[in-house]
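With these hints in hand, go ahead and build the complete structure from the sequences.
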Amino acid sequence: MLGTQLAQLRDGTPTGLTDADDVVAGFDDALLRGFARVGEQDAAALTALADAVVGTPLGERVAEAVGKVTAGSVGQEHLAALAGARSALLGAAHDALLDQLDTALGRHRAPWTPTGAAGDPSPARAAARSWLHETALAGWRGIDHELLSAVGTPVEAALAEPQSRRLAVLLDGFAAELRAGLPVATMAQVPVRRWADLWSRAVLLAQDGPAPVPAIERVTGRLLPLGVDVHEHETAVQVQLHAILEPADGTPPRLVRVTVGAAKVATIGGPAVWRLLSAYPALLTAIAQRRALTVTDLPAQDGDLHWVDGQAQVGEPADPFATARVLLGTATATALPPLDRHPVAIAEPVLLEGYTVHDDAAAIDLDGHRLAVALDRLPAGGPLTPALVAASSTCLGLIRWDDGRWLLQPLAVQATVKRRPVEAHNGDWADGVTDPKVAKAESRAGDAVAVLRERAGRLLRR
Amino acid sequence: MTDTDGAARRRSVLAVVPPARPRKLAKVPFVELADGRLQGVVSSGSDIERVYVSSVTAGSHAYHCSTNNNRPCGGLRGAPCKHLESLADEAVLQYGVDRVARYLRVDAGEGTQTGVELLSRLDARHEPTSAAVVFSRFLRHLAYLELPASTTVLPELHWFPSTGAGR
Numbered sequence: 001m002l003g004t005q006l007a008q009l010r011d012g013t014p015t016g017l018t019d020a021d022d023v024v025a026g027f028d029d030a031l032l033r034g035f036a037r038v039g040e041q042d043a044a045a046l047t048a049l050a051d052a053v054v055g056t057p058l059g060e061r062v063a064e065a066v067g068k069v070t071a072g073s074v075g076q077e078h079l080a081a082l083a084g085a086r087s088a089l090l091g092a093a094h095d096a097l098l099d100q101l102d103t104a105l106g107r108h109r110a111p112w113t114p115t116g117a118a119g120d121p122s123p124a125r126a127a128a129r130s131w132l133h134e135t136a137l138a139g140w141r142g143i144d145h146e147l148l149s150a151v152g153t154p155v156e157a158a159l160a161e162p163q164s165r166r167l168a169v170l171l172d173g174f175a176a177e178l179r180a181g182l183p184v185a186t187m188a189q190v191p192v193r194r195w196a197d198l199w200s201r202a203v204l205l206a207q208d209g210p211a212p213v214p215a216i217e218r219v220t221g222r223l224l225p226l227g228v229d230v231h232e233h234e235t236a237v238q239v240q241l242h243a244i245l246e247p248a249d250g251t252p253p254r255l256v257r258v259t260v261g262a263a264k265v266a267t268i269g270g271p272a273v274w275r276l277l278s279a280y281p282a283l284l285t286a287i288a289q290r291r292a293l294t295v296t297d298l299p300a301q302d303g304d305l306h307w308v309d310g311q312a313q314v315g316e317p318a319d320p321f322a323t324a325r326v327l328l329g330t331a332t333a334t335a336l337p338p339l340d341r342h343p344v345a346i347a348e349p350v351l352l353e354g355y356t357v358h359d360d361a362a363a364i365d366l367d368g369h370r371l372a373v374a375l376d377r378l379p380a381g382g383p384l385t386p387a388l389v390a391a392s393s394t395c396l397g398l399i400r401w402d403d404g405r406w407l408l409q410p411l412a413v414q415a416t417v418k419r420r421p422v423e424a425h426n427g428d429w430a431d432g433v434t435d436p437k438v439a440k441a442e443s444r445a446g447d448a449v450a451v452l453r454e455r456a457g458r459l460l461r462r
Numbered sequence: 001m002t003d004t005d006g007a008a009r010r011r012s013v014l015a016v017v018p019p020a021r022p023r024k025l026a027k028v029p030f031v032e033l034a035d036g037r038l039q040g041v042v043s044s045g046s047d048i049e050r051v052y053v054s055s056v057t058a059g060s061h062a063y064h065c066s067t068n069n070n071r072p073c074g075g076l077r078g079a080p081c082k083h084l085e086s087l088a089d090e091a092v093l094q095y096g097v098d099r100v101a102r103y104l105r106v107d108a109g110e111g112t113q114t115g116v117e118l119l120s121r122l123d124a125r126h127e128p129t130s131a132a133v134v135f136s137r138f139l140r141h142l143a144y145l146e147l148p149a150s151t152t153v154l155p156e157l158h159w160f161p162s163t164g165a166g167r
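Just so you know, the sequences run in chain order Y and P.
Per this note's numbering, the first sequence starts with residue 1, numbered consecutively.
Per this note's numbering, the second sequence starts with residue 1, numbered consecutively.
Read the hints as simulated data drawn from the structure, not as lab findings.
Wrong hints could be hidden among the right ones.
Claimed, not checked - Quick list of the computed label-pair ranges, beta carbon to beta carbon: (1) Y:A126 <-> P:T152: 19 to 25 Å; (2) P:P148 <-> Y:D120: 52 to 58 Å; (3) Y:A248 <-> P:A15: 54 to 60 Å; (4) P:R121 <-> Y:L2: 32 to 38 Å; (5) P:V133 <-> Y:S443: 33 to 39 Å; (6) Y:T13 <-> P:A15: 43 to 49 Å; (7) P:P72 <-> Y:A126: 36 to 42 Å; (8) Y:D435 <-> P:R77: 44 to 50 Å.
Unchecked claim - Only pairs whose alpha carbons sit at most 30 Å apart, straight line, appear in this in silico DSS-like list of lysine-lysine: (9) P:K82 <-> P:K27; (10) P:K82 <-> Y:K437; (11) Y:K437 <-> P:K24; (12) P:K82 <-> P:K24; (13) P:K82 <-> Y:K418; (14) P:K24 <-> Y:K440; (15) Y:K440 <-> Y:K418; (16) Y:K418 <-> Y:K437.
What the hints assert, rightly or not - On the chain Y side, residues computed to face chain P include the following (Cβ under 10 Å): (17) P14; (18) T15; (19) G16; (20) D19; (21) D21; (22) L137; (23) G152; (24) R166; (25) V169; (26) R201; (27) V239; (28) G382.
Don't be surprised by glycine CBs; every beta carbon is placed ideally from N, CA and C.
Right, here's the structure in full:
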């Protein structure tokens, strides 16, 4: 990425973004107080949301929903309409921001291909809708232990349905946060945007709408890793590899993602999460050793390769920085499915070189143009630390957007420590911790997975 | 209230739940702050097949400890037993003393560092409760480890970055 491209990002804030953000913020505040009794200020905020989607296919349903909410008789279908309107606004913000980013980077993006068919009604989704309805009536301030204990039913039901995995994992992480926040009235700061985001997405996922369909194409070729983004809450971990696929059929290189994940518990964290992914040895080896992979006939959809470890072969060493230098500029990206669009989903791989670091690594400066660094996105299961970022001059990262500003999430850096060049990647410990100090601390803490599996073996099957 | 005007107001991604701090699980495999209680499961020191279910209720500070078959713990003699002490100590290791104190609604005071010290600050009394709810939550907790790994993309996890490098 060049300084001039950073300047384009800073100066080209999309038209209407601030207005959309204000409308969403009004809705978020209303959800803090709940929809059981809607005051004047919140009624105005909801009306503003309805006004924002006037003239769209959502317009009538949202206007009706706002009428019902302010009259004090909100049903589940009305909440779906409100969550839909909020998601549409943020989806539009996503599109505008990503377009701005693509323009600055000169990145070509293939359009999304519509798929999906109506899914069967699911008891798990019905239970989730009912819980989300009660939550919205209570508002964050009205949430109590009883309401949070009640989330167990939809979570358990959704975990048992493979097609409801997204809903299960979202509700579980969301409820854990609300639980940690109790009593919300005494919280120093209520994360109203975040919780409204999670609630809205859960409401959409809880509809018996289009179900995911099997992948629509098969790809064969050489996969060159760029870096891994690690996601984690108490009961889930997900590793997303950003990579460039060179298709064997000679079509242009593509920017793709490979995602693998596992369920876990809160006491399994840090480098131990990699051990939960041992079902994917080829992928982990390629990540840890920075090697290319040859993939054969792998299902793919919307830029996501659906990983089948047996259809991948670990190949020759492939330096991610070299891959980025040579191929990132021309690789084609793919648009996300509309319902997944939200500014939080923007995660575009970029390479930055020759910058200076400022404010304890909280910002970098490239040719006089600043970019904030998301230091809170450095995973505990990898070697990247704020100190390494501070000592770096080259970074492979993801461009993200949050709270009105662009951020750089480092995935790998080249730095100078004690006058020696060092390199660190998020995935370096995928095959085991390579730092002796961290490895020692890990072994001192003991193997959490082994202890819990022993307990499970003794107590679970009775 | 000024809690809607803070820096967190329009941020989508921020760490609301700090990651659990690493601790050894052999003695107390399960601790949680849920259902309005600090509750968990403590492995018996003498019988590998036996576990104790211990809990302290937020607010009222009623405590109880029994086997998972509801046999009361012999160590409860007008004061929290050693299982409750282990539970509180491990909770403080996992969550930090402030979070445990806030959840139980007790003033941690200056210098309180361990769970045992925190327990001593409670105006606690014994009140039998059923072990079944906590024990079934523990079994559900263990069941997470039985779920197979998956290649289903979970876009929602972009709200939940792994964090805490260099802890």
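How the hints compare with the structure:
no.	hint	in the structure
1	Y:A126 <-> P:T152: 19 to 25 Å	holds, 21 Å
2	P:P148 <-> Y:D120: 52 to 58 Å	violated, 22 Å
3	Y:A248 <-> P:A15: 54 to 60 Å	violated, 42 Å
4	P:R121 <-> Y:L2: 32 to 38 Å	violated, 58 Å
5	P:V133 <-> Y:S443: 33 to 39 Å	holds, 35 Å
6	Y:T13 <-> P:A15: 43 to 49 Å	violated, 27 Å
7	P:P72 <-> Y:A126: 36 to 42 Å	holds, 40 Å
8	Y:D435 <-> P:R77: 44 to 50 Å	holds, 48 Å
9	P:K82 <-> P:K27	holds, 11 Å
10	P:K82 <-> Y:K437	violated, 34 Å
11	Y:K437 <-> P:K24	holds, 18 Å
12	P:K82 <-> P:K24	holds, 17 Å
13	P:K82 <-> Y:K418	violated, 49 Å
14	P:K24 <-> Y:K440	holds, 14 Å
15	Y:K440 <-> Y:K418	holds, 23 Å
16	Y:K418 <-> Y:K437	holds, 18 Å
17	P14	violated, 16 Å
18	T15	violated, 19 Å
19	G16	violated, 16 Å
20	D19	violated, 14 Å
21	D21	holds, 7 Å
22	L137	violated, 19 Å
23	G152	holds, 8 Å
24	R166	holds, 5 Å
25	V169	holds, 5 Å
26	R201	holds, 6 Å
27	V239	holds, 9 Å
28	G382	holds, 7 Å
Consistency note: the structure conflicts with the earlier hints numbered 2, 3, 4, 6, 10, 13, 17, 18, 19, 20 and 22.
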